[in-house]
Structures are given as structure tokens and as C-alpha cells.
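2 protein chains.
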Amino acid sequence: MSTAARIDAAVTAAIRAGQRGTTPPKLAAALEYAVTPGGARIRPTILVSVARACGDDRPELTDAAAAALELIHCASLVHDDLPMFDDADTRRGKPSVHRAFSQPLALLCGDSLIVMGFEVLAQAGINDPARALGLISVLGRRTGMPGGICAGQGWESEDDIDLSAYHQSKTGALFIAATQMGAIAAGQEAEPWEELGARIGEAFQVADDLRDALCDEGELGKPAGQDDLHGRPNAVTLLGVRGAVGRLDDILAGAISSIPACPGEAGLAQMVRAYADRLVPAAARAKLTVPGE
Amino acid sequence: MSTAARIDAAVTAAIRAGQRGTTPPKLAAALEYAVTPGGARIRPTILVSVARACGDDRPELTDAAAAALELIHCASLVHDDLPMFDDADTRRGKPSVHRAFSQPLALLCGDSLIVMGFEVLAQAGINDPARALGLISVLGRRTGMPGGICAGQGWESEDDIDLSAYHQSKTGALFIAATQMGAIAAGQEAEPWEELGARIGEAFQVADDLRDALCDEGELGKPAGQDDLHGRPNAVTLLGVRGAVGRLDDILAGAISSIPACPGEAGLAQMVRAYADRLVPAAARAKLTVPGE
Chain A
1 MSTAARIDAA VTAAIRAGQR GTTPPKLAAA LEYAVTPGGA RIRPTILVSV
51 ARACGDDRPE LTDAAAAALE LIHCASLVHD DLPMFDDADT RRGKPSVHRA
101 FSQPLALLCG DSLIVMGFEV LAQAGINDPA RALGLISVLG RRTGMPGGIC
151 AGQGWESEDD IDLSAYHQSK TGALFIAATQ MGAIAAGQEA EPWEELGARI
201 GEAFQVADDL RDALCDEGEL GKPAGQDDLH GRPNAVTLLG VRGAVGRLDD
251 ILAGAISSIP ACPGEAGLAQ MVRAYADRLV PAAARAKLTV PGE
Chain B
1 MSTAARIDAA VTAAIRAGQR GTTPPKLAAA LEYAVTPGGA RIRPTILVSV
51 ARACGDDRPE LTDAAAAALE LIHCASLVHD DLPMFDDADT RRGKPSVHRA
101 FSQPLALLCG DSLIVMGFEV LAQAGINDPA RALGLISVLG RRTGMPGGIC
151 AGQGWESEDD IDLSAYHQSK TGALFIAATQ MGAIAAGQEA EPWEELGARI
201 GEAFQVADDL RDALCDEGEL GKPAGQDDLH GRPNAVTLLG VRGAVGRLDD
251 ILAGAISSIP ACPGEAGLAQ MVRAYADRLV PAAARAKLTV PGE
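Which chain is which? The protein sequence lines are A and B, in order.
No gaps in the numbering here: position 106 of the first sequence is 106 in the numbering used here, and each next residue is one more.
No gaps in the numbering here: position 14 of the second sequence is 14 in the numbering used here, and each next residue is one more.
Okay, chain A solo, but in the shape it has when bound (with noise of 0.2 angstroms):
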């Protein structure tokens, strides 16, 4: 089964399961709405890619990680999107899950995809309870306080950011979580993936930033120009669109010679090498032709 296929008849599952029985229609719907259409599914294609380069000996539990991952992302989507937030009113090309049902439906629809994303977990585990809960902590400790994305999303509520701090919880952390879950879902030590899911997050992040300041709606599926419009640090204000995009290519070259030694290392180079190209926009490259920009 492709990489793809497998992570969405994962989520497909836990969604499934969330719905079972007598269950308030609304808030059931608004799982699956939430999670769907997929998109890129960057974070457990990660993490899919990590594991499989590590052997893949437990496929259930990787299916799991990558479904609980994703699971939590879109969670952390839905709470952003709301008024007190963001206040996006699409996503992924249509109504975000506030505007579609109700802003007390789109917590709820939050709260319960990241309940979700550990009880996948733990339901995944009875085969292997030790790697099973090495999972758990390890999305835990990437959600939550203090290094997580809610701290991430905490620091937009302060005076004085903690940059670094900021970007390595609120786009970093997931990242992480995904070149480390991979890593333990196929029985190997966590520590030595942290720095690739780092530098794979800070490219995204400049990534983001780039297709933030350079897109419209209908290219990005969500309103643009937002970081610019709630005050939050960017890296084409910092460095200009052809300075982004040089600091891009510097950390992925550091991602890839970060990847640990394994069986399926060249494969990840790789991985990581055609995420570059999809990564940087195409009004990015197309700006970079314009002399003296």
C-alpha cells in the first residue's frame, strides 16, 4: 500500500471509531470534515518515511503514529482557525469548522480529534505497550506545555516573544514528533531524529512564510497575508523573498546531512530533497527572475 493510502485508511479508522454508536450527529460530522480533504499530509508522510526507512517492523503501530499525528494537527487547525484566533473563515478550500458548524462544535471537534490521537495510541499498543506509550510521550511532550504547539500558540499572547522558543514549539514541534515517532514506531531510540524533524520545521516555516507574503486565497485555501496582519515574525519581512529562499536550500542541505544511519538513509535524502522543490511556492521563483527583488 502507498504511504498515502495507508495513513488515510489510518485516520479514516480512528474517525470511523469516533463516530460509533449513539453519538451527537453534529459534532460526529464535524470530525470527519475536519479531517478531510487530506492535502499533503506532510507531517505523517514524515513520519510514514522515517519508519520505513528503520525496517517498519510493527506496520499497525506505525499506521497508528501517523494517524495520531495527523490527527492532532488538524485538532490544533480547527482551534486556530477560530475567532479569538486567527478567524479563518476557510481551510483547505472550504468553510473552516466554525463557520461550517458552530464555534462550540469546532472546540469540541478539537478537543476530541486530540483525545483521539493518544487513544489511537494506546489501542494500537497491546502488541508492544513499551513502544505504544514511547509514542505517546513523545506526541505529548510535542502537543502540550511547555515545548509543544500550545506553547507555540501561547506565545502569540505574550509581549515579549521568545523567537526561538516560538518557532520551535509552534511549527517545530510537530516536525519532531513525526521524524521521532517514526523512528520509535520501528523500535529505534528517539534522540537521533530530533535534529531532522528541527530542520525539516524551520523549513517549512520559511516555506509558510514565503507562500503567507506571496499568495492569494485561492492558491493557499486559507485567507493570506495573515502574519502581517496579526504582527507575527516573518522571514521575507526579515530577509527579503531571495534571502528566504537561500535560507530554505541551506536547511534542508543541513536536513539531509543530519538523517541518521539506516537502512533506507538514501531513500530519506531523497524524500527530503523532493520536499524542497514543492516546498518553496512557484510566485517565490518567479519573483527571484526579477532583478534587484
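Just so you know, the hints here were simulated from the structure itself, not pulled from any lab data.
Some clues are possibly wrong.
If you only want the chain B side, here are some residues facing chain A, beta carbon under 8 angstroms, derived [claimed, not checked]:
#	residue
1	G125
2	S137
3	A151
4	Q153
5	L238
6	L239
7	G240
8	R242
All values reported here derive from a predicted model rather than from experimental measurement.
Even glycine gets a Cβ: it sits at the ideal position worked out from N, Cα and C.
Starting from the known structure of chain A, fit chain B onto it as the hints suggest.
Frame of chain A; chain B shown alone:
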């Protein structure tokens, strides 16, 4: 150490871990604010009581389970108090989290406390991963969808409410988690402990209905008359005060007779009886002396 002191130490340790290192200071403070003052901590107290009745052979797991359950309960209070739900200005006699901090910080605080609940269990499970996974599984099931407290709150967005599913998930779920997690932490099967939790949950719901209908904001530490205001079903409206108190006594008798055979069976029955006295608010007992009420 007393049960109350154990629970307090475990909750405090979890919060401290969530505040470690470079964190956004307001969110870090909100975590602590949300779990203090502790109040009766009735759910974790039941959990520890059941674990003790079953031998409590892995106290570190019992402590983690008690903390996890309390963190999830506090998270639900923080989210439920938000303007999009109950719009409660006060909780436990002080401003609710979103009033003391902000709505974004209250939402993130709730999210972080949910994550922390699962993380605490993963970290305490090193010496017994199988039991820890069981605890995580039960906590997830009673928190999220399809049958946990998220589902319970989700029913309030429906026009046609399934009352049985509503009550069981909204209030019963975390009491079932309490009895089952207490049993699992001490190495026992979860299933025989479901009924005790469900019945304590029913009793608590009726008692809460009595308090909501009869007490004022000063006694409650939160706004009174909320069920009436939000059109929620309430046992006092249905049965009258005398009927509701009678129902409470019946439920608690059923609870006691459902206690599975275990070394501490007698002590547990005593605990349930003690709660029965505490649960019925003085205002309700007073009303019972008024003829015709």
C-alpha cells in the same frame, strides 16, 4: 500520606513539569490557576479509593491516574466556562480562566491540560507499560468521542437530545473513568467497576441539579440557575425537590450494592455513604422540612 495529599502532590508535579524551561509565562500561569484551589477533587478521590480497595500495588500509577483524571476534568471546566458555552464569569469562587487571562489562553490552557493528562500516564508507566496503556485507553474513551465528556457537551448543540446518552457522557463518563482507572492502576479488570462509576455519576448529576436549582452563586462558587437559563434538563424540574432527593438515595443504594468483591469492599461502601451526605445540599434538606414542597 492521605488521599487528598497524594492527589494534590500528583497534580502539582504534573503542572510543574508543564511549566519547566522557556515557556510562555501567561499560559504557564493559567495552567496552575485552572487547577487551584483543588476543591473536593471528588473524581480522583474515588479513583484512589478504588485503587486502595484493590491493593494499590503500583502507587505511582494510581497517583498518575488520579492526576490525569483531575487535569482532564479541570480542562473541561475551563472550556465549558467560555462565552461560547456557559459564559461563566466565576469558578471555584474566583474569576474563570478566560476572565482572569483571556479566551485564547483559556482555550490553550484546556488543550494543554488534556494533553498533560495523557502524558502523565505515559511517563508513569515505564515499569508497567501494559497497565499504563489500559489507563490511557479508558481515559481517552471517557473523555473524547463517541462516548466521553466531549460527546456529552456536543449533545447540547443538538435539537433532539438523547437524554440517556447525554447524561452518561456529560457527567457519568469521568466517574466511570474514576472507578475503572482505580481498578486498572491496581492490576484489576476494568469492566466490573463500570456500574459503580455510572451510579455515582448519576447521583452526582441529581445532586448538581439540586444545587443548581436551590443554591446561590456565593454557595456554588459559580453562577446559579444555569440549567434553567440554558434550557438543560434538570431532575428538580422533573421530580421536585423531594422526588430528586429520594432518587439520589436510591441511586446511592444501588451504587453500594454494585461494588465488586475486593479486599477493601467495606471501606468503599462507607465512602459512598459519606458522599451521599455531602452530596445533598443543605438547602435541599432544608426544603424537605417545608410541608407540601
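Against the structure, the hints:
no. : hint : verdict
1   : G125 : holds (5 angstroms)
2   : S137 : holds (4 angstroms)
3   : A151 : holds (6 angstroms)
4   : Q153 : holds (6 angstroms)
5   : L238 : violated (21 angstroms)
6   : L239 : violated (24 angstroms)
7   : G240 : violated (29 angstroms)
8   : R242 : violated (32 angstroms)
Violated hints for the displayed structure, listed by number in ascending order: 5, 6, 7, 8.
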